[in-house]
Amino acid sequence: MSSVIINDLSLSFGDVKVLQSLDLEIGKGEFLVLLGSSGCGKSTLLNCIAGLLDITDGQIFISDRNVTWEQPKDRGIGMVFQSYALYPQMTVEGNLAFGLKNARVPKAEIAKRIARAAEILHIEPLLKRKPAQLSGGQRQRVAIGRALVRDVDVFLFDEPLSNLDAKLRAELRVEIKRLHQQLENTTMIYVTHDQIEAMTLADRIAIMRDGAVQQLADPATIYNRPVNKYVAGFIGSPIINFVDGQLVMNSDPFLKAGDLKVPLARYEFSGNGAREGNVVFGMRPEHIFMDKAAEDLPFRAEAVVEVIEPMGADTLVWSRLAGHEFRFRVDGQTAIKKGDRIAVGFDPARASIFNAETEMRL
Amino acid sequence: MTQQSRPNQLFRNLHAKIAAIPMIFTAVVVFAGGTLWTIFYSFTDSGLLPRLKFVGLAQYERLWSTPRWLISIENLFIYGLGMLVFSLVVGFILAALLDQKIRFENTFRTIFLYPFALSFIVTGLVWQWILNPEFGIQNVVRQMGWESFAFDPLYNPDIVIYGILIAALWQSTGLIMCLMLAGLRGIDEDIWKAARIDGIPMWKTYLLIIVPMMKPVFITALVIIATGIVRVYDLVVAQTSGGPGIASEVPAKYVYDMMFSSQNLGQGFAASTMMLLSVLIVVIPWAYLEFGGKKRHG
Amino acid sequence: MNTLKAVLAASTMLSVVTTASAVDLEVTHWWTSGGEAAAVAEFAKAFDATGNKWVDGAIAGGGNTARPVMISRITGGDPMGATQFNHGQQAAELVEAGFMRDLTDLAEQEGWRDAIEPSSLLDSCTLDGKIYCVPVNIHSWEWLWLSNKAFEDAGVPVPTNWDEFVAAAPALEKAGKIPLAVGSQSWQIHGVFRVLLISLAGPEIYQKVYGEKDAEVAAGPEIAKIFKAADDARKMAARSNVQDWNQATNLVITDKAGGQIIGDWAQGDFQVAGEVAGEDYTCLPGLGVGKALETGGDAFYFPSVDDPEISSAQDELARVMLDPEVQVAFNLKKGSVPVRGDIDQSAANDCMKKGLAILEGGGAVPSQEQLMSPDIINQINDLMTEFFSTPSMTPEDAQQRFAGIIGSAS
Amino acid sequence: MADTGALNRAGVAAGTIPRELSGPRGARPRRIVSRGNIILYGTLFVMAVYYLLPLYVMVVTSLKGMPEVRLGNIFSPPMEITFEPWVKAWATACTGLNCEGLSRGFWNSVRITVPSVILSIAIASINGYALANWRFKGANLFFTILIIGAFIPYQVMLYPIVILLREMGLYGSLTGLVLVHTVFGMPILTLLFRNYFSSIPEELFKAARVDGAGFWGIYFKIMLPMSLPIFVVAMIIQITGIWNDFLFGVVYTKPDLYPMTVQLNNIVNSVQGVKEYNVNMAATIITGLVPLIVYFASGKLFVRGIAAGAVKG
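Protein chains in written order, with this note's numbering: chain A, 1 to 362; chain B, 1 to 298; chain C, 1 to 410; chain D, 1 to 313.
Only chain A is shown next, with the shape it has when bound in the complex:
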């Protein structure tokens, strides 16, 4: 059963097309993350779902109801904003109660719901305070609480953690995940530009660019089998290595890029098959190994170390391999230095290869 269905949705401001013919289907209880860089239309899409923006074309269904022209309050949604958007003149309790009062929920019921939300979010001691007296993390809890008390089917998060510092962000991230697990039947749509949030929270991720969805899949698929070069480059940190080359389809297909030759016998081409031509070869830094760890891998070569970036737990090595720059990750305890010649290797099966023109996965 689907919770939210978006059907051929378009939005333009004058001549500017902000969202183009989007189709999305989100299941009940699913956690969907809309991920993309700023200006990709993800927040706009969320505002459309919320009913805060009038769409130009298409339909929106929530819980099997066509809500395309409904007011936000009638859509059965709760929303959490980046800037918390707490009403500064009201106490925490007032903030939580505001929506319910507008909906003319009986007083006793309001109190009950607030108590429950406060318990879930551990904000009981804060109820009598004003937002200005709260820390950022507390404010965002309250903001989540405001959606929670509404007892709705769909939660909309608009970059809820972006205003918090790294430590708090990690904390609240887990809490949101726990909340989602607790509220089994609640659908969550979560907008962010932070891929870690996306990977950790999402059941499925929709990667957006220029008002269109590039790929909609579970995090593992997005990570392992990005549908195009943009997605491959967007997901993963440090960023994936790209090498321009040619795909040669002899008996065994291989990649040729200058002096570099990578056999691709183990690579799984996608359905539409592979043709010879210019391609971009992608290999994630964490899938390249050195020394002993590289010994058994199908592809091995010698690389020269150019820059070393120690990051504590691990170290990022910038090296040159057959004239191409490759970054890879090694253990933080490594002793290699600039100028060392080292043996590296990887498994071409874990690569991603894209058509150089269409940038689509091969």
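Treat the hints with care, as some may be off.
As the list claims (entries may be wrong) - Keeping only pairs whose Cα atoms sit at most 30 Å apart, straight-line, the calculated BS3-like set for lysine-lysine is:
id, chain 1, residue 1, chain 2, residue 2
1, C, 256, C, 235
2, A, 130, D, 300
3, A, 73, A, 101
4, A, 292, A, 261
5, C, 53, D, 221
6, A, 17, B, 53
7, C, 213, B, 53
8, B, 53, A, 101
9, A, 112, D, 221
10, A, 101, D, 221
11, B, 17, D, 221
12, D, 221, A, 130
13, A, 112, A, 28
14, D, 221, A, 128
15, D, 137, D, 221
16, A, 130, A, 73
17, C, 45, D, 221
18, A, 73, D, 221
Honestly, the hints are just simulated from the structure, not real lab data.
Add chains B, C and D to chain A, keeping to what the hints say.
Leaving out everything else, chains B, C and D in the frame of chain A:
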């Protein structure tokens, strides 16, 4: 209730539209309607009462051959230029001085701003009194022994407009100062740190870095000053009544006198149309840039 | 909206009927100086004695300030009970547009046509054979007021005509006096010029220029002489820096100035200050040479209203204003001449008697307000003001511009 | 000066500092009487004198008797303080036959100002709110006309408004004048409120909509309570503006309703003999008192509000 079709556009935001009715009425009927009415009747020979006897451009021809109108325009030009330059410069300097983390900042600010609370009538009467040669500054200086001292701007046709300017500046620079001060306070402290580290002298920092950063404030100030300039009327009436002679006449007063005292509405309408024209040439492009073109969407 | 008004009017009528006939009648005017206010009080007193109530609507700052207010109230649909205007064309359009009450019936009943003298005053109130206003006084502009003490201080005899006055100017200057006090408002400066014109060039020339708008005469040698005289006047007035006419009069009263050319209303202020004609000050009608006086003055108009109670109060006020006793009392305070030829003038003082003598000798000429539209008058006002305040402007230039304005009016 | 302490303690703790590092430490010694300060405070002082002078002259003159005024030094303090000019200005100064001083005008001004301020602010704040948060088609056009209207010289619309009021049957009435003030206050106030409401995070508005509040609900429950400062600013602008108005008061009312400024002008220009400068000055101060009190009482809010509304322009 589930709506399947797009609702009528007229009823989207219905409450906002109802709430805006007074604004729409004011904009369309009073401002636009009243203005068009005035322009329309400026082509008639309406006297005491409006009447529809068209005389083409005759009112305008007469207007531009009337010495009093020409003097009014010249005065407005001097006054306007003086107001713009001095308000902005003095306002900015005062703001910059107050921004030096000085003691008694509140006291000084209060002193500079209080005249803004007073009406032009009051302002005009006070300055008329201070600039009165028999009792005011001229007399006091003479009593102190400088017998030939002469400072009687309100009685000297050549400089009377500057006498009015002094009073106008007294009344209104405080406001500009406040705007500027707010602008200065809004500037990132880091800019100052960067300028200090780069060894840029303070005045240069102000001139080359701070002022350009405060462009929006300057535009606001400019608009506020400009609004006041064209309107200047009460002050002149209270201070000089246009005298000595007709040396301190201003267009707004010409319009008023023509409409009501000379009982020549047509001429008054023509003069006000000219005022309007000059204002619109400046304001329409500004208003369009500021409010018309830009869209605010996420 | 009109029905609503009618209902409202009807309801007020009912309430008025039940509370007898005391009607508050608002009267607007611009008489605010000491003598003027005292004169108005006579009207108010007499009107209140009829059982009605005079609600005073004085508007300060002279006619040029007050008239706009009056006109916009009348045209704005909120008329007062009665309002002052100068004789002549000031209210002509209001009358034409039907804003003013026709007083013909009352005038016939009261026999105004026979009583009012000179009859030109009533003519100015008449449009298409109907009478629309009540003249209340005759004012004439052609007066030179001199401070006897100032001349004594300067050691010269009090002049008896304009030329002597001009000749005495250097002596006054030397004694630290301002020879000629002139309020810097434009209507006063124009007044000085007109007085010079009527007194020195004579009423015929005045009629040609102001009445017939003869631009050739205006550009001719007679007027050139007047501009020369005006040139003298502006030099004598160079140090006069007051605005209002009564401030200028006050300079004469306090002997700081030698003299002032202003209408007979100044006399009221001399009286309020306790000065005696002939002893403290000297008056020279027609500048001591002319034998003609402008007979303009003030008149009251009564806006048309639907309410019969107010209409009858208006009638009452009109009657009161022309009542012989009230006329005498009012005009004595105001310093003007009564409009009735049939009343006792013995209470008049020296100056007034001199004026009456000239009028009886056929020296009455119509005032500028009767001859010209306010628009033209204001243009001349501006020109004269410019001339007086711009020493570099030659009499010839000024005359040429003057002739231009006269020509445009014909 | 907390920094200095910390630095000093650090110095002590360090104990063995190499000689070449033991130069000046701690806060830079500040000279109170530096050349820069003299210029700074000197300029401010001179400017303050220029701004205070008229107020001083008004007060001093209003406390002198006429003979002393005639002596001619407007700056000298009164030798003998008299409050008679004040009494006269308030209670007995004459315009024509009315010798009630400014007292009647004062109450008229109150009767004009209070409803005008309330109505104009109510309408303008709703306009600003609709423009900032509920943009509808054409809103910008109307707003642009309105703003251009702020620049149109009043004289252009003086006469058409006489006609409009006449047609509505409101000419010369208090209601009419209140409407005129509302209309002419609208552009600048609407701009003020629009800018202020635009500066409130849009997300707050969105949250309220999700919470089910409508146009009026959001206005009264969310926006109004958050906007106290800007309302105070608007009130200050309107109270001073309307109290100080002369033109509308003189054109659109009748003498019973004349506001104080018009009465002031009448009294000052009703010269009976000599100009009584002391009474005029007392009358002038009395007239300016209300806006001055408003200004002094609101103090910082006035400045802060102006900044909030205008700087964003």
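Name the hints, by number, that the structure is in violation of.
5, 6, 8, 17
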